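Engineer: Using the hints provided, position chain B relative to the given structure of chain A.
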Amino acid sequence: MNGDNVPLAYAVRGPVTLITIGVLFAIDHFGGYRFSQTWPAILIVFGLLSLFGRSGYDARQRRERGPQ
Amino acid sequence: MRRRSIMGPLILILIGGLFLAYNLRPDLRILDLLTLYWPFLLIFWGGVRLIEVLIARSRSERIRSTLSGGEIALIVVLCVLGSAFYSAHRHGLHINTRGLEVFGEEYSYDVSAQKPAGKVKRILIQNRRGNIRLNGSDQPELRVSGRKAVRAFHESEAQKAHERSALELVEQGDEIIIRTNQDRVSRNSRIWEDLEITAPRPVEVTVEGDQGEYEITDFTGGVTVNSERADVRLSRIGGNVRIQANRSDVVRAVEVSGNIDLEGRGSDVVLENIAGQVSIHGTYVGSLEFRKLAKPLHFESQNTDLRVESLPGEITMNLGDFAARQLVGPVRLITKSRDVRIEDFTQSLELEAERGDIELQPSRVPLAKITVRSKAGRIELALPSQAGFQLEAVAQHGEAENEFGPGIEKQTDGRTNSLKGKVGQGPTILLITDRGSVTVRKQGGNSRAGETKL
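These protein sequence lines map, in sequence, to chains A and B.
Just so we're aligned, residue 1 is where the first sequence starts under my numbering, counting upward by one.
Just so we're aligned, residue 1 is where the second sequence starts under my numbering, counting upward by one.
Next comes chain A alone, as it looks inside the complex (with noise of 0.2 Å):
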């Protein structure tokens, strides 16, 4: 069964949070800004997967239930 699959911006969140990481202390190392600077962009990456696994989860959980 495929219930147990959590929706797919769950899955990748700790991935793409991951890169997100890598590329800030990139820019800090070869770029302009500084990590100091540019860590809150980590929240918002982490928060936005976060929302858009959440509302997906939510639909589906509304669709299993059916209408009521």
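Note that these hints are calculated values from the structure, not bench results.
Treat the hints with care, as some may be off.
Facing chain B, according to a computed beta carbon distance under 10 Å, are these residues of chain A, among others [claimed, not checked]:
# : residue
1 : Leu8
2 : Leu18
3 : Leu43
Small disclaimer: the values here were computed from a predicted structure and weren't measured.
Built from N, CA and C at the ideal position, the CB exists for glycine as well.
Structural biologist: For chain B alone, coordinates are given in the frame of chain A:
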């Protein structure tokens, strides 16, 4: 079924590889590289996990919802250590095979020395780190002046290092050795010594060092440079030039009467007005420019083999392009992946390319013999309208277009198109491409193969 991530084994392979590189090639400065580039490891890691999630999803397998606890701990440790090492690196703390190397303050000292050099035939300069500007003069005297910068924690330590690495002019027979003796000082007090040297014009000059920019002007003798990492600029040199540098940003030689022999790795090479033979062996990733070479040029690298008898015009090339005009043949070019454009060449041209478009414009009559073989790419040949030749042009999986006019016929055999013909009396022209089109046209027109004709 839940799959285990491939990241564990990958990290193990990476760690093994890094240690191996560290042991076998200490000169690569693996730790310095890691300090700078570790964020890309995070990006790679995230990318691998992302791909794993997407693959698992496409196969409807159960997805591991997020990173495991162990992974998160490892990432945190990596971030903390990486940032710490990086900020240490920026503040002058280096870790190398000899352990921790800390740079303190910089103290600088003037250096100077002179010696009569009327009978001297050779000068050897041994300066491990630092720039050298060397000028030939009519005076029978060797004059050295410069500035030495010593990095140390205390002034007394710097002073001691300065005294131990005193500049020496040692006369041995008809040779004078200019020695800066930086190797007498421990590596922790790093020394950088810029020298300005004036020497009699007829001497032979040899420069040995690890790192620096060398500018050598106005000598009638030869010049030899041996360095780990050097930018070399030569002008008005009468003798043979030999340069060996494992790394260089630029090697530039202008007005050299002797032969040039260049070996190593680097970026840009500029050679102009060279009366002797030029031979280059090595990998140069920047732009190469050759102008007015009176004798044969041989350039050999991993991807390229170029031979030209002499070059009244110019050749410019980089990793993606090769452009040349006015070559005296026989010309032979073997290249892997470059767009090639050659105008005006004599004797014969032999060209082999793996990938890239080729454009040839021989402008002199009688024509040179031409042989071109390409694995993938368009070949376009623009001939003077009065030219005589025997043509065979084959596009094995592509179009063949005759825009030259009468005398050339097109033949089609399955997917192979070819042009054959004889116009007047002249040399043979053979053009073969495996994948790509072949076009033969008259000079002056500007139509190109591959464009749709209405």
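Engineer: Taking 10 Å as the limit, does the beta-carbon of Leu43/A come near enough to a beta-carbon in chain B?
Structural biologist: Not OK, violated: Leu43/A not within 10 Å of chain B, min 15 Å.
Engineer: Regarding the hint that Leu8/A lies at the interface with chain B, is the smallest CB-CB distance below 10 Å?
Structural biologist: With a minimum Cβ separation of about 6 Å from chain B (threshold 10 Å), the hint on Leu8/A holds.
Engineer: Does Leu18/A pass the interface hint, meaning its C-beta sits closer than 10 Å to a C-beta of chain B?
Structural biologist: This interface hint holds because 3 Å falls under the 10 Å limit.
Hint compliance for this structure: hint 3 alone is broken.
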